[in-house]
Each structure stands twice: as structure tokens, then as C-alpha cells.
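**Q** Generate coordinates for the entire structure from the input sequences, incorporating the hints supplied.
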Amino acid sequence: QKEVEQDPGPLSVPEGAIVSLNCTYSNSAFQYFMWYRQYSRKGPELLMYTYSSGNKEDGRFTAQVDKSSKYISLFIRDSQPSDSATYLCAMNPTDKLIFGTGTRLQVFP
Amino acid sequence: DVKVTQSSRYLVKRTGEKVFLECVQDMDHENMFWYRQDPGLGLRLIYFSYDVKMKEKGDIPEGYSVSREKKERFSLILESASTNQTSMYLCASSTPDRDHNEQFFGPGTRLTVL
Numbered sequence: 001q002k003e004v005e006q007d008p009g010p011l012s013v014p015e016g017a018i019v020s021l022n023c024t025y026s027n028s029a030f031q032y033f034m035w036y037r038q039y040s041r042k043g044p045e046l047l048m049y050t051y052s053s054g055n056k057e058d059g060r061f062t063a064q065v066d067k068s069s070k071y072i073s074l075f076i077r078d079s080q081p082s083d084s085a086t087y088l089c090a091m092n093p094t095d096k097l098i099f100g101t102g103t104r105l106q107v108f109p
Numbered sequence: 001d002v003k004v005t006q007s008s009r010y011l012v013k014r015t016g017e018k019v020f021l022e023c024v025q026d027m028d029h030e031n032m033f034w035y036r037q038d039p040g041l042g043l044r045l046i047y048f049s050y051d052v053k054m055k056e057k058g059d060i061p062e063g064y065s066v067s068r069e070k071k072e073r074f075s076l077i078l079e080s081a082s083t084n085q086t087s088m089y090l091c092a093s094s095t096p097d098r099d100h101n102e103q104f105f106g107p108g109t110r111l112t113v114l
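For the protein sequence lines, the chains are X and P, in the order given.
Using our numbering, you'd call the opening residue of the first sequence number 1 and step up by one each time.
Using our numbering, you'd call the opening residue of the second sequence number 1 and step up by one each time.
Simulated from the structure, these hints should not be mistaken for laboratory data.
Some hints could be false.
What the hints assert, rightly or not - Some chain X residues near chain P, calculated using beta-carbon distances under 7 Å:
id: 1; residue: 42
id: 2; residue: 46
id: 3; residue: 97
id: 4; residue: 101
Every residue, glycine too, gets a C-beta built ideally from N, C-alpha and C.
**A** This is the structure we're talking about:
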């Protein structure tokens, strides 16, 4: 079993939709949970991170962590074509990060 | 603004060639990483380095080596390139001063081995 599992998609939604991206993990020692966004032909960039359980909101983006279920989510409200990218979850037991395989999202006008 | 640069965006090499991929970061970060990214497999760690002249194997080090002679520069070496090393290679850096260990990535090098 992989330490971090992520549905690869692709996910295709119309502009304005609410998008839900998810990851599950197996190691209860993880404390920081991150979401990276990767545009085509670019390197990943950190979008948001959360410490332990709870929610964190940044504009149209909300990151949610449920440590009891070992489940994290990223919600995108009012999705825009510019949100089309691959989204990778990541977690860190140490200086190294463990990444999910990424979910490809396409938002069409 | 943190910047991680990689020497080439696209590279085409022949089987058996020795290949050097260079990465430079300008934020004085202690940690540097090399990943390869393949469809369906995500990011896989090849090697990482916590300090100058220090290196540790990641999950898939076979067929690769690294060099870190200066803090800002981390090189990935393919000793004898093979077709199964065709991939996107990403370099990243981070500092242990941040609790969440955010990694900053370069733009990637797409390597094709013929």
C-alpha cells in the first residue's frame, strides 16, 4: 500500500463548479499537509498547507484535514479555466516530502 | 523571490551517453532534491542532499549519481543513459527553518533518451 494515495483523474468541470480533490494516507505521524499546483510544462508550486486537523481557507481555495480518517481535501469554489493544472498533495514526516501522484484538473469555459 | 533554475528545459541524448543535469538555487537553502516525474507514477525521489558534499539515496537511485560541491548547486548524473530514463526531471530546494518543509521547484528538464 502506498503511503499517500490520490485519484489521478482527469477531472473535467465547467467554469464556476465546485471542485473537490482528495488524498488518503496511511502514516498517522504526518503533521503538515500541503497542496501543490503544477501548470503544464512547469514545476510544482505550493498552493497551501495545513498543520494537523482542521480547515484553512485562502480565497477560493479551502484545505481540509481529517486526521481521524487520514483523509485530506482541497476544495476550489467558483473554478476558473486558469485553475486547470495538476494538483499534488504532499506530506512530511521529515525534511523529505511524500507526494501523491497528482490529479489533473481541467476547467472548461 | 526564491529561484531554482535548471540548466536545460529539453534535452535529447543517445543510449549510453553520460548526462549531466544542473540545478542552482539562490536562497541559500540547505536541502536540495532531485525527482523524476512520470505519468501515473507521480514524483519519485532520486537523491537528496542536506549539505555540501552530503548525499542520500532516495527511492529510485539506480542508474543515477549526484554531486554537491557548492551549497547552491546540485547536479544529477546519468552515468550511462538508457531509454527507461526518459522522463521529466525536477530539482527542488528547501530549508529546515520552515516547519512545513516547503520545497521550491525548478521548471524541470524533459530528457529524451533515444
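**Q** Could you run down the list of hints and mark each one as holding or not?
**A** Okay, the hints, checked on the actual structure:
For residue 42/X, the interface hint holds, the least distance from its beta-carbon to any beta-carbon of chain P being 6 Å, beneath 7 Å. At a threshold of 7 Å, the smallest CB-CB gap from residue 46/X to chain P is about 5 Å, leaving the interface hint in force. The interface hint given for residue 97/X holds, since its Cβ lies 6 Å from the closest Cβ of chain P, which is under the 7 Å cut-off. With a least beta-carbon distance of about 3 Å to chain P, the hint placing residue 101/X at the interface is held under the 7 Å criterion.
The structure agrees with every numbered hint stated previously.
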